[in-house]
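K.L.:
Sequence:
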Amino acid sequence: GGGEEEEEVEVVVAVGPGMEESAAAAAAAEEVSGTGTGGQQRLPQAIIIGVKKGGTRALLEAIRAHPAVRAVGVEPHFFDRNYEKGLEWYRELMPRTWDGQITMEKTPSYFVTREAPRRIFSMAKETKLIVVVRNPVTRAISDYTQTLAKKPDIPTFEVLAFKNRSLGLVDASWSAIRIGIYALHLENWLQFFPLSQIHFVSGERLIIDPAGEMGKVQDFLGLQRLVSDKHFYFNKTKGFPCLRKAEEGSPPRCLGKSKGRTHPSIDTDVIHRLHKFYRPFNLMFHQMTGEDFDWEQDEHPGMG
1 GGGEEEEEVE VVVAVGPGME ESAAAAAAAE EVSGTGTGGQ QRLPQAIIIG VKKGGTRALL
61 EAIRAHPAVR AVGVEPHFFD RNYEKGLEWY RELMPRTWDG QITMEKTPSY FVTREAPRRI
121 FSMAKETKLI VVVRNPVTRA ISDYTQTLAK KPDIPTFEVL AFKNRSLGLV DASWSAIRIG
181 IYALHLENWL QFFPLSQIHF VSGERLIIDP AGEMGKVQDF LGLQRLVSDK HFYFNKTKGF
241 PCLRKAEEGS PPRCLGKSKG RTHPSIDTDV IHRLHKFYRP FNLMFHQMTG EDFDWEQDEH
301 PGMG
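With full-length UniProt numbering applied, the sequence shown covers 1 to 304.
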């Protein structure tokens, strides 16, 4: 998974009641079979397909706290960049699982990759898909901020965001803008998968109410709700939820580690213009999914 890893939200994991037993049982079984070589490598039954800077890393860290979930740590980029390597190559990246466990991976660029829906469908048409979405304006700024950290010489956000600044014409071909036109990309997925197989997570709610959002994810995956509010505590300084770690002795992880990145100050007029640009697409996305993400009341979003 190249250098475009997400580092979006701070998450941290403790063991809730009912988890000790299953986690302990799994550990014991692993002990018996030698160094974690039990079970078998299976193709993922659920994939986090997007979106970049939406909070996919946070979601993956949180769902991995569930004893019935095993996940690939890095982004495999199989269905976009590595497809020609074949399904066996992909399978070998997967962790070993026992019957009844779910294998997962996350690669946020799948959501905007034209061939990805067909490719995943041809692997297994019953694959469950998860998309973490976030206000497209804050998503774009966050995307730009990440790029800026790596390439300090790129033009300003304003220059990249507009084809014609004085006319206020937004450059929808710039990836930071284009990724947030969720309705456009979703259309592509709906040609292969029913809406019932796609679960949308609110990136904003994942930070404000991680347990509530994770409850819905577990329901979608057909899992017992074991990842609950006992797993999360809030980091006072940054305001991110942290996941108390399930594994003994491993450090807590926060949904949003690098989240201390300072965003460049962007002219409110630019922000306003982008909200206006996205509004019809957000409405379309709302109509397609039947879900409301409250982005409209978010006219002056915290620059998070």
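Derived by calculation from the structure, the hints in this document are not laboratory data. One or more of the hints may lead you astray.
Unchecked claim - Now the in silico label distances, taken between C-beta atoms and shown as ranges: (1) Q40 x N235: 49 to 57 Å; (2) Q197 x L87: 37 to 45 Å; (3) G215 x R96: 23 to 31 Å.
Unchecked claim - With a straight-line Cα cutoff of 16 Å, these simulated EDC-like cross-link-like pairs (lysine to aspartate or glutamate) come out: (4) K230 x D209; (5) K276 x D209; (6) K128 x D219.
These figures come from a predicted structure and were not determined experimentally. A virtual CB, placed ideally from N, CA and C, is assigned to each residue, including glycine.
K.L.:
State for each hint whether it applies.
P.N.:
How the hints compare with the structure:
Between Q40 and N235 the CB atoms are about 38 Å apart, so this pair departs from the stated range of 49 to 57 Å. Checked against the hint of 37 to 45 Å, the C-beta distance between Q197 and L87 comes to roughly 20 Å, which is inconsistent with it. With their beta carbons about 27 Å apart, G215 and R96 fall inside the hinted range of 23 to 31 Å. Restraint check: the Cα-Cα separation between K230 and D209 comes to about 12 Å, which is no more than 16 Å; the hinted pair holds.
For a cut-off of 16 Å, the pair hint linking K276 to D209 is broken: about 28 Å separates their Cα positions. For the hint linking K128 to D219, the alpha-carbon distance of about 12 Å falls within 16 Å, and the restraint holds.
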